[in-house]
Amino acid sequence: MSALAVIDASLAGTSNDLVTAAVFLYAFAMLGYAAEFAFGRRARRAPLVVHAATSLETVPPPVAEAHVLSEPPRRADRGVVLGRFAVALTVAGWAAHLGSVVTRGLAAHRVPWGNMYEFSSMVTLAGATAYLVLLLNPRLRPLVRPLGAFVMVPVVLTLGLGTTVLYAKAEPLQPALQDYWIKIHVVAAIIAWGTFMVGAVASALYLAKSRFEARLALAGDDPATVDETVGGGIMRKVPSAAELDRLAYRVNAFAFPIWTFAIVAGAIWAERAWGRYWGWDPKETWSFITWVVYAAYLHARATAGWKGRRAAYLALLAFSCLTFDYYIVNIFVVGLHSYAGL
Amino acid sequence: MTVVHDEVETAEGGRLSTQPDPVAPRAAQSSRLATARWLWRRLTSMRTALVLLFLLAVAAVPGSLLPQRSNDLARVDDYLARHGALARFMDRIWLFDVFTSPWFAAVYLLLVISLLGCLVPRWSMHARAMLRRPPRTPARLSRLPQHATFSTPLPVDAVVAAAQRTLRRRRFRTIVDDGDRGRGRSVSAEKGYLRETGNLFFHMAIVALLFGVAYGSLYGYRGDRVLVEAQVADPAKSSAQALLTDTQGQYDDFSAGRLVDTGNLAPWTVRLDSFVATYQSGTTTPKRYDAHMSYRTSPTAPWQTDDIRVNHPLHLGATKVYLLNHGYAPVFQLVSPDGKKKYTQSVVCPTLSTVTLISHCAVVFADLPDKSPSHTLGFDVTFLPTAQFVDGRPTSTSPQLGNPDAIVGVYSGDLGLGRAHSVYSLNTAHAQFEKTGNIVLLSKDPAFNVLTGLPGGWTLQIPAVGQWASFQVKRDPGKLVVLLAAATMILGILTSLRVRRRRVWLRATPGEEGSTLVEVGGLARTDADGFAEEFEGLVQRLTVATTPSPGRKE
Ligand code: HEM
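Those protein sequences? They're chains A and F, same order as listed. Heads up, the first sequence is in our numbering, so the first residue is 1 and it goes up one at a time. Heads up, the second sequence is in our numbering, so the first residue is 1 and it goes up one at a time.
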């Protein structure tokens with residue numbers, strides 16, 4: 001720990017300005033994605049649909065896909081332009097966000113994840129990064145793009161809540177937090193969190209879309225009736241249920257080992273700081289519960305009768321546990337981790 | 001068990017798990033053995049694992065929302081006092097000891113049994129699968145999910161050799177079938193065996209981890225102890241206030257696993273030489289704590305020194321000493337009227353606030369050689385490191401010794417010595433209240449820096465203020481097993497989720513004019529997502545590898 005722990009107030013101010021800019025840019029991006037739904041034509045289809053049939057996993061009735069596929073793709077309509085604009089706004093928001101985190105760290109001469117505000121900022125940065133990284137993959141792009149509006153919702157909410165209700169001034173870390181394991185443990189938790197966030201969005205959309213597809217199948221020859229609802233219009237432009245299910249699995253399965261690592265790193269740190277690697281502190285307990293429910297989700301995906309909707313509910317339950325772990329346990333439950341500070 | 005070697009059918013049937021299905025007992029087979037077998041199958045099925053995992057999560061919830069004895073005894077007592085009969089009922093069903101309760105143990109023991117029952121057959125199945133050759137080339141490759149054909153001027157044998165090389169380089173296990181259903185030669189290839197290996201290691205590691213936890217709790221122990229800085233440690237107690245030897249009787253609080261030989265702990269001794277708390281300049285925010293220690297590993301070993309900080313325990317063999325807490329230990333001195341007799345003791349003052357370090361403690365001087373009733377004086381002390389009057393009430397504005405002040409309540413008579421009572425507060429039930437006074441430690445004025453007018457003409461002063469620090473001594477011999485198991489779990493799950501199982505077949509049949517017709521088929525046994533691209537790339541490579549190019553040596 002360096003002796004100079006004086007806060008650079010002007011840099012801290014820059015950080016706050018940047019994070020405010022990021023919230024607004026993300027919010028505008030969200031509107032942009034929504035406008036793409038409202039004004040755009042059908043989203044272009046991913047080539048993935050073709051080999052959906054080669055999957056070993058359950059393939060839902062192909063009715064909906066066939067229907068959507070029958071729509072000829074149009075290039076460069078208003079929706080696409082709006083969508084591109086939204087992506088540009090997301091990237092701008094992400095850049096401002098990254099700048100805010102970096103300046104915050106520089107201002108306080110320490111890692112920028114020492115209290116709940118900073119943690120909210122890091123988690124949403126991880127979520128936005130996960131979304132943008134998935135967009136970078138040309139094969140996944142058409143699948144991930146329509147998720148933009150839905151990913152921006154938790155990002156804007158979490159970051160908005162962080163910068164207002166949970167906001168805390170830049171201050172040096174307490175002695176208990178001054179350890180290099182804070183970097184390892186918290187960074188892993190943040191990456192897992194942000195990625196799980198995208199996974200939860202995919203699972204939620206999967207549930208909505210699979211219900212939409214079921215209704216479409218029921219409607220049979222007259223699918224137009226289903227379209228008339230607002231939700232129907234949006235649902236039609238969202239990737240197929242099978243694709244969303246696989247995306248959710250990939251994202252969650254990517255985050256699960258990282259979450260496992262975060263818990264193990266936390267245990268190593270606890271051993272150094274408190275003399276025991278595990279003590280069923282409320283925070284530890286909820287991390288464990290979250291881990292177990294995600295493991296249950298991974299099992300459910302391989303269990304007949306559980307894959308599909310039930311597995312998706314488990315994934316959402318697991319994400320709720322993660323959210324509970326973060327907000328409720330940090331704020332309301334007494335434990336060793338309470339010093340994380342509001 | 002038809003699972004491993006059957007080919008396309010099973011895979012296309014959508015089964016990912018190689019776990020046998022639980023089979024219901026047949027009517028004809030209704031013997032007890034069959035029922036037991038059926039139960040065992042059920043218990044070790046994937047669905048049961050799912051339910052048990054879910055139960056484990058649910059069982060942990062009350063442990064996080066209700067106070068637990070293992071973490072916060074005082075809050076449990078408080079809860080019991082406030083909620084009466086309901087709380088007593090909750091206590092009876094272990095709701096305040098969830099993680100050591102029989103029902104929590106039941107869930108995880110069932111999970112372990114289920115895991116073992118599920119793993120043992122999978123290990124042997126996997127071992128057999130590893131030894132077996134990749135399956136024969138199916139008759140009609142065009143029926144596979146992935147399929148491609150191309151032709152090349154190379155002869156059949158060269159194509160087969162090149163294909164085998166290409167596939168091996170991509171880490172396929174390959175086997176050549178020369179008599180391939182009388183149609184030519186073919187290569188069967190399979191990869192991704194590591195997936196199941198990783199999965200098995202992951203699940204085995206869970207069992208190993210639980211074993212490590214259990215071992216550690218049976219053979220480990222924990223002891224808490226408060227030490228006072230050596231310079232101020234009570235000389236009457238020959239500085240024992242600063243020393244800790246690893247024997248059960250020396251701890252303020254001690255708990256050991258069932259198989260620990262408590263009469264025979266480690267032979268080391270530690271001493272708190274001094275304690276330094278550093279604060280952010282001009283604030284009450286702590287920056288770091290350093291406990292400067294001396295220690296020796298046996299009564300005959302030389303003394304050595306080291307520091308204990310938060311996140312930085314002292315290692316004494318397999319035992320570690322951790323810093324838990326700190327506070328002030330004022331030195332109280334009682335002086336006789338003629339100034340000749342002095343009685344001194346350092347007293348640990350527990351903190352009431354960890355921010356301002358306002359502390360409270362009890363000081364008793366017994367057996368005084370004078371005529372006061374029962375020869376005992378007791379002082380109820382509130383210690384303020386930086387005293388200030390806010391709204392007419394004394395408080396402390398900083399944890400540092402800015403303006404130390406002791407507010408003292410004086411009692412005499414029967415202070416209940418010998419009766420069970422906390423050492424940190426006075427038992428004044430039968431005592432005589434004398435007066436309240438104030439000692440301003442830094443004052444030069446004798447009217448303020450000593451407390452006079454005590455019964456028998458004694459005066460009380462505080463010549464020095466030391467610090468105390470509390471330590472936890474911990475030994476957990478299962479820790480290494482737990483750590484290794486955790487590392488194995490992470491590596492296992494990464495392998496299991498990343499590696500994909502693929503089967504590829506290539507059939508080479510003679511075509512026109514010495515050319516060869518090549519047919520390739522592919523099957524993703526797990527995680528078909530992205531397999532089309534992967535297969536396409538592989539076919540590309542195979543095409544290149546079987547294209548004769550003069551400049552290249554293959
Ligand atoms: C604390 C307990 C457990 C945890 C944390 C856990 C975790 C996991 C995870 C994360 C996977 C995913 C691997 C993948 O998707 O390929 C998995 C797969 C699997 N687990 Fe567990 N598991 C546990 C208990 C059990 C038990 C008790 C059983 C058996 C009765 C079991 C049987 C399986 C099987 C068969 C698979 C492979 C599924 C497949 O082939 O894809 N697990 N487990």
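A hint or two may mislead.
To be verified - Listed next, the stretches of chain F that the computed footprint assigns to chain A, with coverage defined by at least 3 CB atoms under 8 Å from CB atoms of chain A:
1. 89-96
2. 117-129
3. 353-365
4. 409-419
5. 469-477
6. 484-490
Claimed, not checked - Not the full set, but computed from the structure, chain F residues with beta-carbon under 10 Å of chain A:
7. G63
8. V213
9. G530
None of these hints come from the bench; they were simulated from the model. Glycine included, every Cβ here is placed at the ideal spot set by N, Cα and C.
Do the hints match the structure? See the list:
no. : hint    : verdict
1   : 89-96   : violated (count 0)
2   : 117-129 : violated (count 0)
3   : 353-365 : violated (count 0)
4   : 409-419 : violated (count 0)
5   : 469-477 : holds (count 3)
6   : 484-490 : holds (count 4)
7   : G63     : holds (6 Å)
8   : V213    : holds (8 Å)
9   : G530    : holds (7 Å)
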